[in-house]
Amino acid sequence: MLTKVLPRTTGALSGWDISDRLDKVRVPSFVINGRKDMAQDFVVADYFWKIEKSKWVTLENSSHTPMWEEREKYNRLVGEWLDSVQ
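Heads up: take any position in the sequence shown, counting from 1, add 1, and you land on this note's numbering.
A few of these clues could be false.
Cβ-Cβ distance ranges computed for the label pairs, FRET-style [unchecked claim]:
id : residue 1 : residue 2 : range
1  : S20       : T59       : 17 to 23 angstroms
2  : R77       : W17       : 27 to 33 angstroms
3  : E81       : A13       : 30 to 36 angstroms
4  : E61       : L83       : 19 to 25 angstroms
5  : V79       : V26       : 14 to 20 angstroms
6  : W57       : R22       : 16 to 22 angstroms
7  : D84       : G12       : 35 to 41 angstroms
8  : R72       : D18       : 30 to 36 angstroms
9  : S64       : S85       : 23 to 29 angstroms
10 : Q41       : V79       : 34 to 40 angstroms
11 : G16       : E81       : 35 to 41 angstroms
12 : M68       : D42       : 17 to 23 angstroms
13 : R77       : G16       : 34 to 40 angstroms
Result set (DSS-like, lysine-lysine): computed pairs, CA atoms no more than 30 angstroms apart in a straight line [stated by the list, open to error]:
id : residue 1 : residue 2
14 : K37       : K56
15 : K25       : K54
16 : K56       : K74
17 : K74       : K51
18 : K54       : K37
If you're looking for bench data, these hints aren't it; they were derived computationally from the structure.
Cβ coordinates follow ideal geometry from the N, Cα and C atoms, glycine included.
Please model the entire structure based on the sequences and the hints provided.
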């Protein structure tokens, strides 16, 4: 799916796509993207839908680095998620 969304991807990640193997992920996963990120919802949706134990949050005021752009909210969300999977 990723290659269909970003057809101009070149270099080492050109053609890289693991969407057909996401259902094999057996550990809890936290999917985070930013509203202004090039990894928009339609790009990361497969990760949420295909990984059985996943949670997905889109941070409204971030691009590709929510850990810097919305540091307090990001840290709180990650902490809450970690507490929920222990």
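Okay, the hints, checked on the actual structure:
no., hint, result
1, S20 - T59: 17 to 23 angstroms, "holds, 19 angstroms"
2, R77 - W17: 27 to 33 angstroms, "holds, 32 angstroms"
3, E81 - A13: 30 to 36 angstroms, "holds, 34 angstroms"
4, E61 - L83: 19 to 25 angstroms, "holds, 22 angstroms"
5, V79 - V26: 14 to 20 angstroms, "holds, 18 angstroms"
6, W57 - R22: 16 to 22 angstroms, "holds, 18 angstroms"
7, D84 - G12: 35 to 41 angstroms, "holds, 38 angstroms"
8, R72 - D18: 30 to 36 angstroms, "holds, 31 angstroms"
9, S64 - S85: 23 to 29 angstroms, "holds, 26 angstroms"
10, Q41 - V79: 34 to 40 angstroms, "violated, 21 angstroms"
11, G16 - E81: 35 to 41 angstroms, "holds, 36 angstroms"
12, M68 - D42: 17 to 23 angstroms, "holds, 19 angstroms"
13, R77 - G16: 34 to 40 angstroms, "holds, 37 angstroms"
14, K37 - K56, "holds, 19 angstroms"
15, K25 - K54, "holds, 11 angstroms"
16, K56 - K74, "holds, 16 angstroms"
17, K74 - K51, "holds, 26 angstroms"
18, K54 - K37, "holds, 25 angstroms"
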